[in-house]
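Take the sequences, apply the hints, and build the full model.
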Amino acid sequence: MEALIPFIPYLMIPIMVIVYLSTVPIMIQVERKVSAWLQYRMGPNRVGPLGLLQPIADALKMLSKEDVIPNHVNKWLYIAAPALMVFPAFFVAGVIPLGVLTIAGQDVMLQIGHTNIGILYVLAISSIAVYSIAFGAWASNNKYSLLGGMRSAAQMMSYELPMGLSILGMIMLTGSLRLEEIVNFQMNSVWGIVWQPLGFLIFFTTAYAETNRLPFDLTEAEAELVAGYHTEYSSLKFGMYYLGEYCNMLTASFMVTILFLGGWHVPFLGSLNVDPFVKQLIQVGAMAFKVAFLMFTYVWVRWTLPRFRYDQLMNLGWKKLIPLALANVVITAVVMAF
Amino acid sequence: METVLQYFSINPVFYIFATLAVIFALMMVTSENPVYSAIFLVLTFFCLSVIYLTLEAEFVAVIQVLVYTGAIMVLFVFVIMLLNLGRDAQLTEYAGPMKYLSILLGFAILIQIGLATKVTFSIGAKGAYPIERVNEMGNTEAIARELFSQYLYPFEIASILLLLGMIGAIVISKKRPD
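Sequences listed follow chains A and B, in order. Heads up, this note's numbering is the position in the first sequence plus 30, with the first residue counted as 1. Heads up, this note's numbering is the position in the second sequence plus 1067, with the first residue counted as 1.
Everything labelled a hint here was simulated from the structure, so no lab data went into it. All of these numbers come straight from a predicted model, not from anything done at the bench. Possibly wrong hints are sitting among the right ones.
What the hints assert, rightly or not - Simulated crosslink set (BS3-like; lysine-lysine; CA at most 25 Å straight-line):
| # | chain 1 | residue 1 | chain 2 | residue 2 |
| --- | --- | --- | --- | --- |
| 1 | A | Lys105 | A | Lys173 |
| 2 | A | Lys63 | A | Lys91 |
| 3 | B | Lys1241 | A | Lys350 |
| 4 | B | Lys1242 | A | Lys350 |
| 5 | B | Lys1241 | A | Lys349 |
This is the structure:
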């Protein structure tokens, strides 16, 4: 078993890819079913038992549709932009820890890259996704697409600031940018949501804005912009945007869990009388459960809250969230100093 | 003894990304479409950040992506798209015969910089933070310690300058009551 330890990061690469890729069909099904329940409908129930094979049918439909490239588009950028959406969505998984396993007396972090800039890496890589939307919108040469792309650029710029500031409180408490250190800090005290309730709220809100989900999906507001930046996209190119959106949601859920919900920490697990290895497996399962719940919340919020108006979105970002996040940082600093 | 120059000469990643950075920078200057220029500038920043990584300066690398690629260039792209410079208003200003002279002078500067770096890098003395110590205490910690102790005053001045720029932009863009 000991010889296995150096290969854990390499083993984690396919595991993370599978985690990310398998989330998307599950989320398609959850999105359809939960929206149906919330609207008092049945939802998909024809394909397979209880309609469970619906995601496969959806994926097949997307693959077999005609791939239309309109004449007026900027061809290179039009083709490159959807790929650019998926690249950061998967690239960001490189630092996300899933838990700890003790193999042959050694604690092994289930993580691809052990870097001491974990949070900054996630913020930096996920901030690239906006280019995909902006360039795809511009290359489409369609005014609705362009409006969607510009909205997206402005929105993601505005919400990155409160997002970074809301994390700052947790970083100050932990004294580290490592994601695993932040989880360890919460395991030795209480969850981040108790330390930083305001920071949690701000981060949670900005996570919705950064992933372009309702109530912040102004970039694709159907009623105003047809479909926003992906109006001209069809077939698998549209599928890439779809895939990227769900992967970004998963990353955001991972970040909320790691920063504020204790990561893989399970309360009162220490008093349980089971094998330590089983305990660690339970912890990995707890992480998965927390992330799954946050993913469900995404769907829940989407079908509950109406869309913001654009000026409301900007007011909320600049005039409410940023001052609140700054106040949170100052309060944390003052409390820590005394 | 491993000087910076030796480090470069044994690292193929540096050569790959340095070459790419130069190619992208050239394409950024030469492309006529402003959106293409922005794309190539983003790619250049990416290559620079990989070069920082080969120097084991991961904090600088990630800040490069976060600030320049993730924030400043998004604003550039936003303005280019807002003014819709893409299709009609292509950049058509040419330097004329002065172009050839500038190419010549550019190469002269390049050679001079190359010679200068060769001299300084190979005989440079070790500073207070050699790579072993930085690795030991962590990249971010080393930068933070220097920035908030020895370089606190310049750091604060730079912050105030940036704040003034922000306030200035807000004051200028605000409607005057008249």
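Here's how the hints hold up against the structure:
no., hint, verdict
1, A:Lys105 / A:Lys173, "holds (17 Å)"
2, A:Lys63 / A:Lys91, "holds (19 Å)"
3, B:Lys1241 / A:Lys350, "holds (19 Å)"
4, B:Lys1242 / A:Lys350, "holds (22 Å)"
5, B:Lys1241 / A:Lys349, "holds (15 Å)"
Hint compliance for this structure: no hint is broken.
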